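S.K.: Each chain is listed here by its residues.
Number of protein chains: 2
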Amino acid sequence: MIDDLATVDRTTAEPIEAVHRRLRGFLDRHRPPTPCLVVDLPAVGAGYRRLRELFPAADLYYAVKANPAHEVLRLLAGLGASFDVASPVEVELCLRAGAHPDRLSYGNTVKKRSDVARAHALGVRLFTVDSEPDLVNVAAAAPGADVLCRIFAEPPASSTPFGRKFGCDPELAGPLLRRAARLGLRPRGLSFHVGTQQLDPGAWEHGIATAARLAAELAASGIPLTALDLGGGFPAGYRDGAPPLAEYAAAIEASLDRHFGAARPALAIEPGRSVVADAGILRSEVVLVSRKAYHHAHRWVYLDVGRHNGLTETEDEFIAYDLLTAHDGGPTGPVVLAGPTCDGDDVLYERTTYHLPVDLAPGDHVDVLAAGAYTASCATVGFNGFAPLPTHHIGADGEPVDGCGHGG
Amino acid sequence: MIDDLATVDRTTAEPIEAVHRRLRGFLDRHRPPTPCLVVDLPAVGAGYRRLRELFPAADLYYAVKANPAHEVLRLLAGLGASFDVASPVEVELCLRAGAHPDRLSYGNTVKKRSDVARAHALGVRLFTVDSEPDLVNVAAAAPGADVLCRIFAEPPASSTPFGRKFGCDPELAGPLLRRAARLGLRPRGLSFHVGTQQLDPGAWEHGIATAARLAAELAASGIPLTALDLGGGFPAGYRDGAPPLAEYAAAIEASLDRHFGAARPALAIEPGRSVVADAGILRSEVVLVSRKAYHHAHRWVYLDVGRHNGLTETEDEFIAYDLLTAHDGGPTGPVVLAGPTCDGDDVLYERTTYHLPVDLAPGDHVDVLAAGAYTASCATVGFNGFAPLPTHHIGADGEPVDGCGHGG
Chain A
1 MIDDLATVDR
11 TTAEPIEAVH
21 RRLRGFLDRH
31 RPPTPCLVVD
41 LPAVGAGYRR
51 LRELFPAADL
61 YYAVKANPAH
71 EVLRLLAGLG
81 ASFDVASPVE
91 VELCLRAGAH
101 PDRLSYGNTV
111 KKRSDVARAH
121 ALGVRLFTVD
131 SEPDLVNVAA
141 AAPGADVLCR
151 IFAEPPASST
161 PFGRKFGCDP
171 ELAGPLLRRA
181 ARLGLRPRGL
191 SFHVGTQQLD
201 PGAWEHGIAT
211 AARLAAELAA
221 SGIPLTALDL
231 GGGFPAGYRD
241 GAPPLAEYAA
251 AIEASLDRHF
261 GAARPALAIE
271 PGRSVVADAG
281 ILRSEVVLVS
291 RKAYHHAHRW
301 VYLDVGRHNG
311 LTETEDEFIA
321 YDLLTAHDGG
331 PTGPVVLAGP
341 TCDGDDVLYE
351 RTTYHLPVDL
361 APGDHVDVLA
371 AGAYTASCAT
381 VGFNGFAPLP
391 THHIGADGEP
401 VDGCGHGG
Chain B
1 MIDDLATVDR
11 TTAEPIEAVH
21 RRLRGFLDRH
31 RPPTPCLVVD
41 LPAVGAGYRR
51 LRELFPAADL
61 YYAVKANPAH
71 EVLRLLAGLG
81 ASFDVASPVE
91 VELCLRAGAH
101 PDRLSYGNTV
111 KKRSDVARAH
121 ALGVRLFTVD
131 SEPDLVNVAA
141 AAPGADVLCR
151 IFAEPPASST
161 PFGRKFGCDP
171 ELAGPLLRRA
181 ARLGLRPRGL
191 SFHVGTQQLD
201 PGAWEHGIAT
211 AARLAAELAA
221 SGIPLTALDL
231 GGGFPAGYRD
241 GAPPLAEYAA
251 AIEASLDRHF
261 GAARPALAIE
271 PGRSVVADAG
281 ILRSEVVLVS
291 RKAYHHAHRW
301 VYLDVGRHNG
311 LTETEDEFIA
321 YDLLTAHDGG
331 PTGPVVLAGP
341 TCDGDDVLYE
351 RTTYHLPVDL
361 APGDHVDVLA
371 AGAYTASCAT
381 VGFNGFAPLP
391 THHIGADGEP
401 VDGCGHGG
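Residue numbers (the UniProt record's numbering), protein chains in the order written: chain A, 1 to 408; chain B, 1 to 408.
Calculated directly from the structure, the hints in this document are not laboratory data. Being a predicted model, the structure only gives us computed values, none of them experimental. Ideal Cβ positions, reconstructed from N, Cα and C, are used throughout, including at glycine. Some hints here could point you the wrong way.
[Stated by the list, open to error] Anything over 12 Å on all C-beta distances counts as not near chain A; from chain B, calculated:
hint: 1; residue: GLU17
hint: 2; residue: PRO32
hint: 3; residue: ALA86
hint: 4; residue: GLY98
hint: 5; residue: SER114
hint: 6; residue: ALA121
hint: 7; residue: PRO170
hint: 8; residue: GLU205
hint: 9; residue: ARG239
hint: 10; residue: ARG264
hint: 11; residue: GLY272
hint: 12; residue: ALA293
hint: 13; residue: GLY306
hint: 14; residue: PRO340
hint: 15; residue: GLY363
[As the list claims (entries may be wrong)] Not everything, but these chain A residues come out facing chain B in the computed CB check (under 10 Å):
hint: 16; residue: ARG24
hint: 17; residue: ASP130
hint: 18; residue: VAL381
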């Protein structure tokens, strides 16, 4: 199935600069219309293998939502990945990409009973729950399935007053898993999630400690904690950096040692961003560079990509992407970066300081690095007449890989 | 062209409750899959006519971005509306809906020269600019066109440190319009925008005063201010209400009197939301109702619509939609409302207090009112496997109006 991707089946990662050269080489040779995303499949494979190396004992469930492109899913299925899915459509995408349904974990705790039934009919046998109504749905529509219970990952004091959208108070986990057993399901264990682009390698400590405490309580009622899903949150390389993934692996290993000792459950992780983000470059074009007042020191730089057609994660300036331009190396000055739509909130960076070359002019390219995750799949259907983000996938030779019509 | 819409050509608005009954009647009879948007075309026509009545001296440029559905554009074109467009695609949508290009105003000041050329080739002759590079593009690609200069609408003290994405400092307007004349363009006047869903009917005062001051300055250099575009910002009816549109018309009238007296320029307004929002209901379904901790007083209510598939404007809880359920009238309790995706930020209302019936259960409908603007057109291409929002358009008989394939 992945014959045409054989060249990406590598065991070591190459320097990120080499990936950038390959991506930009493709862009410079083919000059596709901007904005567009280019994803380097060898780098996706390398990202997957890197996490496999760092977490050798864990099942790796790729979080499909990060980048659901067929080419990416097909590559990862061929490399033996499992998949974290959130909807019947994502189940179907994975199956079409060659994944066996026993490799799928339905991790979304917000699901209609009909969604559970659809996933079950397609062969999915592992579901995560975090409430009684969710559990009852799974029992009714996926009889006999394995279930994980998702718990809050943070100490109570650090939560919002309302807690979080996913997970439940740890004190509910025991009752839910015992209820699961009574409903004929197979209670497998716990999951938690420390939040996306997590910059603290120690963030898993509280969840692991909580899981270990609950494991003892569950064992006392005859329910061994056989599985622990550590979720995602592993970072990609944006402008302001992140600790190396090896530090995350080491910190998690130490937490597991501390709280579980030798009696560890089977482990799972759900990386998404950390597999695909670094493999993508989003090429945009400068629309305008202007000053809006005589006394302003900064320029406004308007790109042809913004919050509605690819750079969704600049909301609240959460992700500060690294940028490359054709004029890098020359003198720079402060800018406000904004997208092309008529939406006054379609501003990328205003509080976050960016300096770009003073020579930057309309028509110049601005390349957005580490753009392989949460970009094309988050674009709108065409707000203000700006089309969704086309995507190209390239192989080790820097040329397009034949997909199945999901590319640009 | 609008023969089949003739019944919506009404001159008086009916009570909003009647519109809701018609919309919900359609939904109850046809039970389309949820989530979906239903837009009542008679109410769109009434919204347009109401603004025409309130601003009889102004050209009404419908802001296409609010709802670019073909059925809506076709109806408004038939009623004689002009259109505010922001991209070549929006130009094409309007022309396909039957608008004459001399009815189009290209109001986006962020545009590539190639976009200007495309719009000009399609017949557009009115462009708004707010910077010299933008002006130079228009002069090059739309020679001889009419131009408006967009200025900041707020007093300097109320602006962010960086100003705003659109508009320029008023002191730049004179130089830009004089430059426009030298470049062979026709400087027509000024525009400004007070911000969407503006709740202060007096918000136009500063912009009108500034425009009057600049008019005197411009006249001194031989450039009469022949047009003033007051932008949009007129509100729709969300949960927490807004002043009646008549108060806006009165406040603007008073400002114009105060600053221009009898020597008024030609006026334009650019309503979008206030034309279409109230005409739409978004029907969603409750996915789950759960409690995440024993000590929580509130329930989490998860809907099958969220920030990624229609309710984009709940970002930062900006728009607090009014909701109707089948259990209204019974006892209620506090809830947190969230969408169906695996995104932890896909939460609709957490800080904004909502109380919903305690009887609310999975499968129940929750109808989101005043959802006709900035919903379907802002949905993602399918984040997490959740499809864009299908739209149905109904006529005065409450039955679907034959569109051109842009409906659900």
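S.K.: Need the list of violated hint numbers for this structure, in ascending order.
M.R.: 3, 5, 7, 11, 12, 13, 14, 15, 16
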